[in-house]
Amino acid sequence: MKRALVVTGALGVVLAALYLVEARRYSWGTIAQPGPGLYPVLVGCLLILGSVGIALEATLRPTGGHIDWPVGRARWRLMAILLPSLAYVLLLRYLGHPVAGTLLTLAVLHAMGMRRWPVKIVIALAVGGISHYVFTVVLGVPLPAGFWSR
Amino acid sequence: MLPGIGPLGAMALLLTATLALDPVTSLIMLAGIYYGSLYGGSTTSILVNVPGEAASVVTAIDGYQMARKGRAGAALAIAAVGSFVAGTLGIVGLMLFAPTLAAFALRFSSPEYFALALLGLFALSRLSGGSFWKSLLSLSIGLALATVGMDITSGTTRYTFDVVELSQGIDLVPVVMGLFGVGEVLAVAERAGGLPHVTRVRFRELFPSRAEWRQAFPAVLRGTGVGFLIGLLPGPGGVLSTFASYGLERRITKRPEEFGHGAVEGVAGPESANNAASSAAMVPLLALGIPFSPITALLLAALVLQGVQPGPLLMQQRPDVFWGVVASMYVGNVALLILNFPLVGIWVSVLRIPQPVLVALILLFTLVGAYSINNSMLDLLVLIVMGVVGYVGKKLDFDLSPMVLGLVLGTMLEKTFHQTLYMSRGDVSVFFLRPISGTLLAMLVVILVGPTIWRLIRRRPVTARPANP
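Residue numbers (our numbering), protein chains in the order written: chain A, 1 to 150; chain B, 1001 to 1469.
Hints are computed from structural coordinates only; laboratory data are not their basis. The beta-carbon is built from N, C-alpha and C at its ideal position, and this holds for glycine as well. Any given hint might turn out to be false.
[As the list claims (entries may be wrong)] Think about it this way: if two alpha-carbon atoms lie no more than 30 Å apart in a straight line, the pair counts; the simulated DSSO-like pairs of lysine-lysine are:
hint	chain 1	residue 1	chain 2	residue 2
1	B	1394	B	1254
2	A	2	B	1254
3	B	1395	A	2
[Unchecked claim] Pairwise CB distance ranges, derived in the manner of DEER restraints:
hint	chain 1	residue 1	chain 2	residue 2	range
4	B	1432	A	62	49 to 55 Å
5	A	140	B	1397	38 to 44 Å
6	B	1313	A	137	22 to 28 Å
7	A	49	B	1319	39 to 45 Å
8	B	1104	A	126	53 to 59 Å
9	A	126	B	1252	52 to 58 Å
10	A	2	B	1214	26 to 32 Å
11	B	1104	A	2	45 to 51 Å
12	B	1445	A	137	54 to 60 Å
13	B	1025	A	62	24 to 30 Å
14	A	113	B	1313	18 to 24 Å
I would like the entire structure built from these sequences, with the hints used as guidance.
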């Protein structure tokens, strides 16, 4: 846990530094007439304070617990859910929700260990179709229908 | 009822469904979802020993022990009736307090709102348990995210990196859905286990004995009082109230040995406190327009999406919204009592849906829900990034609620900060010299340094007294 928290603190400081560098582009104004750059500077300082605090706390008062980062099949399952989700986002405009949603559902069912392909396919088709109907027809959300509809 | 999703995740998931409704109906639906998830959280605590959300953790201690002794039905009934009584009394409190607070808040100006927002943010970070520094980092990330987009005072766009969609800022809903919805989906996917063993409950077992009622009722009333008072204050009222109520019950009981082994008061008190706190949390939201918890922040977002701005003038300008919420809370409590009492067996069967199907459904609904708010691909990317942040945050034991509140209150904090400095011509002392803002900032100082000073006092070694000559 200690190492992970020190790394988190270090990443926080880097993030804060980048945030503050960008904040320099905006005018600070004066204390009587503050500009758009003043508040981000204060927030950036708070980011640094929190990050340094975490790293110091982990170093000076380590809690001793350890983190079980996913390995083996658990890591594969995570990736097999994250990557199709990202693919869904990238392909939604082109494939449309019914197809992208069905493919995502199929990928998740497979990643989560469902074995029989016919069952997986039927569930994925049902989820893709029903979710499209519920959101577009019932709730009126304009979900992309993809290039099929053109 | 689904462990981990909790009220916040459920509300974020269902926010989409409220967009097609008018403001009153939308808020009524969200309040119903909120109450519903509070009831659902206690059910899984009692039957499966898996709290559906943080505020139900305490219920699991004695509730599950009651279930193991064959009193699951009685525990569920006590939790449901306790929640109903507390919820109803809490609404009476809301009706009494909110108009008074709103009238008082008419005296508030920028420094007071700044101090109140600051107090709310830091109280949540300091009192949510765990590491203050982790909460502070979480809070400052939320505040930083709130600076993305157009600065409302100067009209300057900040941190947009020439991405046009970012000029509108980062929306709350994909952030909440990502942190608490996708983050939980990833955690579930990692540990992918079998279905939990669910205790069966028959209808005839749902009636507590007379002795159990006698033990429960005073605890319900005490829990209601404790919960309502804590819920009014800035900070994680729901969770704190359950622990406070449990501590109180354990301190005043004549049978302390029963606590942890199925004490009726250990279920009745915290469950009532939780519901009373949730009613009380609506007071600052409706009267001041300031959310003190992520859940009320989401309610605020839902209202703003509908074009309604809560605050001191809400009761005068939109009495239909205010009284609609009050009425919906009464009706929601009765409906949930009816739904929970005889139909608890049916709701628990949700836990028997195969995990792969549940995970796929939640993930897809989260993605579509996030997209539907603004029809924006950027929101979907924010959702996934926040999902990873939520998952890693869970691993590192971070409380992510301050991030949500920071994102919601950040804009207001900056606006009131600037307005005060303009108003006072740069005189910072105005924050401390005005009575209300000065008092609020003094409270903030107590919250920030009080626990440290208290710890130091308690740690100081006792010096030996000199012997009498």
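Now for the hints, and whether the structure bears them out:
{"no.": "1", "hint": "B:1394 - B:1254", "verdict": "violated, 39 Å"}
{"no.": "2", "hint": "A:2 - B:1254", "verdict": "violated, 43 Å"}
{"no.": "3", "hint": "B:1395 - A:2", "verdict": "holds, 13 Å"}
{"no.": "4", "hint": "B:1432 - A:62: 49 to 55 Å", "verdict": "violated, 38 Å"}
{"no.": "5", "hint": "A:140 - B:1397: 38 to 44 Å", "verdict": "holds, 41 Å"}
{"no.": "6", "hint": "B:1313 - A:137: 22 to 28 Å", "verdict": "violated, 38 Å"}
{"no.": "7", "hint": "A:49 - B:1319: 39 to 45 Å", "verdict": "holds, 44 Å"}
{"no.": "8", "hint": "B:1104 - A:126: 53 to 59 Å", "verdict": "holds, 54 Å"}
{"no.": "9", "hint": "A:126 - B:1252: 52 to 58 Å", "verdict": "holds, 54 Å"}
{"no.": "10", "hint": "A:2 - B:1214: 26 to 32 Å", "verdict": "violated, 51 Å"}
{"no.": "11", "hint": "B:1104 - A:2: 45 to 51 Å", "verdict": "holds, 48 Å"}
{"no.": "12", "hint": "B:1445 - A:137: 54 to 60 Å", "verdict": "holds, 55 Å"}
{"no.": "13", "hint": "B:1025 - A:62: 24 to 30 Å", "verdict": "violated, 51 Å"}
{"no.": "14", "hint": "A:113 - B:1313: 18 to 24 Å", "verdict": "violated, 54 Å"}
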